[in-house]
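Asks: For the sequence shown, our numbering begins at 18 and goes up steadily by one.
Hints may be right or wrong, so weigh each one.
Said to hold, decoys possible - Here are the simulated DSS-like cross-link-like pairs (lysine-lysine), alpha carbons at most 25 Å apart as the crow flies:
| id | residue 1 | residue 2 |
| --- | --- | --- |
| 1 | K77 | K261 |
| 2 | K104 | K124 |
| 3 | K111 | K149 |
| 4 | K253 | K217 |
| 5 | K217 | K132 |
| 6 | K236 | K183 |
| 7 | K149 | K217 |
| 8 | K217 | K194 |
| 9 | K111 | K198 |
| 10 | K111 | K128 |
| 11 | K132 | K149 |
| 12 | K243 | K198 |
| 13 | K194 | K66 |
| 14 | K66 | K132 |
| 15 | K134 | K265 |
As the list claims (entries may be wrong) - With beta-carbon atoms standing in for the labels, derived distance ranges:
| id | residue 1 | residue 2 | range |
| --- | --- | --- | --- |
| 16 | S85 | I191 | 39 to 49 Å |
| 17 | R233 | S86 | 41 to 51 Å |
| 18 | I191 | K111 | 23 to 33 Å |
| 19 | K261 | Y169 | 28 to 38 Å |
| 20 | E258 | P122 | 30 to 40 Å |
| 21 | S75 | C279 | 17 to 27 Å |
Keep in mind that the hints were calculated from the coordinates and are not lab data.
As the structure is a computational prediction, the values presented were derived from the model and not from experiment.
Built from N, CA and C at the ideal position, the CB exists for glycine as well.
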Amino acid sequence: MKKFIIFGFMMTLFASLVFTLNIVVTIKPYALIIEDIVGDRAVVHTLIKPGVNPHTFSPKVSDIKMLSSADLVIMNGLNLEEFLVEKLKNMKSKVDVFQVSDLIPMKVLEKLNGKKKPINPHVWLSIELLTKYIVPGITEELCQFDENDREYFRRNSEFLITELEKLEDKYSDILLKYSNKSVLVYHPSFYYFFKEYGIKVVSVSEGHGDEPTIRRLMKIIKSVEKNDIVAIFGEKQQNLEPIKLISKQTGVPFEVLDPLGCDEQNIIELFEKNFEGILKVLRK
Numbered sequence: 018m019k020k021f022i023i024f025g026f027m028m029t030l031f032a033s034l035v036f037t038l039n040i041v042v043t044i045k046p047y048a049l050i051i052e053d054i055v056g057d058r059a060v061v062h063t064l065i066k067p068g069v070n071p072h073t074f075s076p077k078v079s080d081i082k083m084l085s086s087a088d089l090v091i092m093n094g095l096n097l098e099e100f101l102v103e104k105l106k107n108m109k110s111k112v113d114v115f116q117v118s119d120l121i122p123m124k125v126l127e128k129l130n131g132k133k134k135p136i137n138p139h140v141w142l143s144i145e146l147l148t149k150y151i152v153p154g155i156t157e158e159l160c161q162f163d164e165n166d167r168e169y170f171r172r173n174s175e176f177l178i179t180e181l182e183k184l185e186d187k188y189s190d191i192l193l194k195y196s197n198k199s200v201l202v203y204h205p206s207f208y209y210f211f212k213e214y215g216i217k218v219v220s221v222s223e224g225h226g227d228e229p230t231i232r233r234l235m236k237i238i239k240s241v242e243k244n245d246i247v248a249i250f251g252e253k254q255q256n257l258e259p260i261k262l263i264s265k266q267t268g269v270p271f272e273v274l275d276p277l278g279c280d281e282q283n284i285i286e287l288f289e290k291n292f293e294g295i296l297k298v299l300r301k
């Protein structure tokens with residue numbers, strides 16, 4: 018009898034190892050979100066390492082192999098991963114590809130960005146977009162791939178949404194005090210984040226590997242001095258020298274944010290660290 022029990026246990030263990038869902042995400046924030054949803058029921062790999070700029074990333078042969086062996090590839094979309102589109106099309110082994118931005122109605126994105134302006138791709142940095150569209154949508158996509166664990170995924174998803182809403186409640190009243198103020202950013206990753214609190218964003222660079230010219234920097238410095246810029250923000254993945262120069266010339270405090278969560282273990286930590294970094298300079 019014991020032999021049968023042991024054999025049954027080993028078969029169950031073997032099956033779970035063989036059929037574990039293999040997911041590849043392009044950037045770490047989606048790995049943090051998905052790991053909170055799937056727990057130990059799937060393996061999640063991140064294509065672009067957190068310290069690397071997604072706009073300038075170029076995949077290696079090992080990256081292509083990782084993509085080709087995935088059950089599901091989850092990417093942001095909205096041209097954040099332009100480098101990847103042709104690579105995926107040309108793969109011999111076709112993989113399922115899911116774009117997170119497709120979960121958000123275009124009319125919502127157009128309203129947030131303005132109809133005549135390009136759509137900002139950094140949708141994972143909006144708690145509102147995460148809780149309304151992204152987390153629920155990713156969860157249902159995962160349920161399609163693993164029906165046996167769908168209730169487990171949905172419970173974890175609901176818990177994550179609740180935690181994100183609690184986090185927003187914790188900081189929203191403080192940040193709303195700065196509504197109608199303006200901040201200068203090197204790259205507009207936190208556009209949606211600031212917009213939720215009515216904070217205007219002025220960007221130095223669009224972040225596609227381009228560096229601002231001296232003329233552009235001097236123009237920005239004059240603009241900071243004329244306008245009510247209350248804080249300046251750089252990012253770990255971007256060149257900090259222009260931001261430091263502008264801060265030094267204008268006397269406006271600056272802080273370094275991290276949209277990709279280099280050192281964070283979950284998406285809540287990513288937001289908490291950036292919330293605290295933002296408040297650190299706004300309160301000066």
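Asks: The structure should be examined with respect to each hint, and the outcome stated for every one.
Replies: Now for the hints, and whether the structure bears them out:
1. K77 x K261: Violated - the C-alpha atoms of K261 and K77 are around 33 Å apart, more than 25 Å.
2. K104 x K124: violated, 29 Å
3. K111 x K149: Violated - the C-alpha atoms of K149 and K111 are around 30 Å apart, more than 25 Å.
4. K253 x K217: holds, 21 Å
5. K217 x K132: Since the Cα atoms of K217 and K132 sit roughly 17 Å apart, the hinted pair holds (cutoff 25 Å).
6. K236 x K183: violated, 40 Å
7. K149 x K217: Roughly 23 Å between the alpha carbons, so the hint for K149 and K217 holds.
8. K217 x K194: holds, 13 Å
9. K111 x K198: violated, 48 Å
10. K111 x K128: violated, 35 Å
11. K132 x K149: Roughly 21 Å separates the two Cα atoms, so the pair holds.
12. K243 x K198: holds, 13 Å
13. K194 x K66: violated, 35 Å
14. K66 x K132: Violated, because 33 Å separates the two Cα atoms, which is more than 25 Å.
15. K134 x K265: violated, 31 Å
16. S85 x I191: 39 to 49 Å: holds, 46 Å
17. R233 x S86: 41 to 51 Å: holds, 44 Å
18. I191 x K111: 23 to 33 Å: With a Cβ separation near 48 Å, I191 and K111 fall outside 23 to 33 Å, so the hint is violated.
19. K261 x Y169: 28 to 38 Å: violated, 47 Å
20. E258 x P122: 30 to 40 Å: Since the Cβ atoms of E258 and P122 sit about 39 Å apart, the hinted range of 30 to 40 Å holds.
21. S75 x C279: 17 to 27 Å: About 20 Å separates the Cβ atoms of S75 and C279, which means 17 to 27 Å holds.
Taken one by one, the earlier hints fail for this structure at numbers 1, 2, 3, 6, 9, 10, 13, 14, 15, 18 and 19, listed in ascending order.
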